[in-house]
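These protein sequences, in sequence, are chains A and B.
Residues in the first sequence are numbered from 5 upward in steps of one, following this note's numbering.
Residues in the second sequence are numbered from 31 upward in steps of one, following this note's numbering.
These are computed hints drawn from the structure, not numbers from a lab.
Each residue gets a CB set at the ideal place from its N, CA and C atoms; glycine is no exception.
Some hints here could point you the wrong way.
[Said to hold, decoys possible] Keeping only pairs whose Cα atoms sit at most 27 angstroms apart, straight-line, the calculated DSS-like set for lysine-lysine is:
no., chain 1, residue 1, chain 2, residue 2
1, B, Lys341, B, Lys254
2, B, Lys127, A, Lys62
3, A, Lys14, B, Lys249
4, A, Lys9, B, Lys78
5, B, Lys249, B, Lys49
6, B, Lys78, A, Lys26
7, A, Lys23, A, Lys9
8, B, Lys367, B, Lys218
9, B, Lys230, B, Lys367
10, B, Lys254, B, Lys347
11, B, Lys249, A, Lys23
12, B, Lys53, B, Lys348
13, B, Lys127, A, Lys23
14, B, Lys341, A, Lys14
15, B, Lys53, B, Lys249
16, B, Lys348, B, Lys49
17, B, Lys249, B, Lys348
18, B, Lys53, B, Lys356
19, A, Lys71, B, Lys78
20, A, Lys9, B, Lys127
21, A, Lys26, B, Lys127
22, B, Lys274, B, Lys348
23, B, Lys347, B, Lys249
24, B, Lys274, B, Lys356
[Stated by the list, open to error] A few chain A residues that don't get close to chain B, going by computed Cβ distances all over 12 angstroms:
no., residue
25, Asp24
26, Ala64
27, Pro70
28, Gln74
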Amino acid sequence: MDDLKEVLKKQIVEQLNLKDTKPEDIGDDQQLFVEGLGLDSIDVLELIVLLQQEYGIKLANAEEGPKIFQSINTIAAFIEANRK
Amino acid sequence: MSVYINGIGNISAQHTVDKCILKNGIENISGNRYHCIEPDYSQFVDGKQIRRMSRVIKMGIASSTLAMREASLLSPQAIIVGTSLGCMEDTFSFLSKMVQYNEEMLSPTAFIHSTHNSIAAQIALLFQCQVYNSTYVHRNISFESALLDAMLLLEEGNVDNALIGGIDEITNTSFTIMNRLGHFKESKQVTPENFYHPGKGSVAGEGAAFFVLATTQSKSTYAKILSSQTFSFCDSQEIVASAKLMLAENHIDQLDLLLQGNNGDADDDAIFNEIADSIQMNERTLYFKHLCGEYGTASAFGMTIAAELLKNEITAKKFGYALAEKPNTILIYNQSKGIHHSLTLLAAC
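Take these sequences, add in the hints, and give me the full structure.
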């Protein structure tokens, strides 16, 4: 699980082109949106694409999005639970 | 009514961003691909906004900001951009991913910014400017189409000022494709001394040149634009007749300078030379593409040179031009492959 979180942080920094943020700067429990890392609605789409491309996971219910993309911990848990 | 150039922002293969070119002179470049000398974009956009912007958008933002700062304008009344190829980097990224992922799971950022009008849109977003916003995509007369639109808006009294620009980027992919099509000379063939030596193909260039145009003169005014005209699929005699008519309509008996877009390609330059010869300007013709390379909106770079020449006595020497005195009238003529042509007439204020 820890390895997955580290990989995920690197992928997020790369996919979202977070030039001023290093993967190690992102806390496992840090809020990713608004006041946390400052991500926005377009970033949600990028993260959905990331989950599909890297982990083969399709987000079936869009309403689950806010819970899943809350933090690195919540995304990693979602991947672990749904990874094929 | 006159249209004045009150501010210029120019990112090119020369040191034009900080205007160091006016102190230190031109940068001699070799090879068949001229890269822009770019500023630190964090001076112009904050980190959160900049991360989604590709290079051409950042070039547009920076050069439009520079033009607006120089004209002391906080918000333009119109934003009009001319681009020949648009956002190539994002287009290739989007298309590559379409192929790679079998037309599924496409990155939204590359798609959003792959459209040609992203540059004008991002400028409007940055300046929170909900005014007339238009982008012209018309090969090598894209910039002049934007210029004509702005002149019409100003003429009709709809606006007092307009931000216009010509912008294009060259990417590794676009360079490779155009090189394969024979658009460029071999790298080792091109040196500053033999740029205009007739051969097949030219040199790849890129750049972003933005202008604040206004109906009133200010302290920062460079020059006034008297007229601009575009032509497509016509013969050289029509261009010559139009150039002569343009000069006559503006009561110019003797033009001081013809600034042409010769590019070292033998076929293109034959057309340029014929025009210069026909309007008897052989002795007073200068070129500008050895400074910026060839690209669809290179004439916007040409207009920055013309405006600088009309404003400053020192410019000619620093730009490596041998001129006995500062010109008062300049006609810019550009064309590509004999298909689309443009004439723009400027005068000193």
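Checking each numbered hint in turn, tell me which of them this model violates, lowest number first. Structure breaks hints 3, 11, 14, 22, 25.
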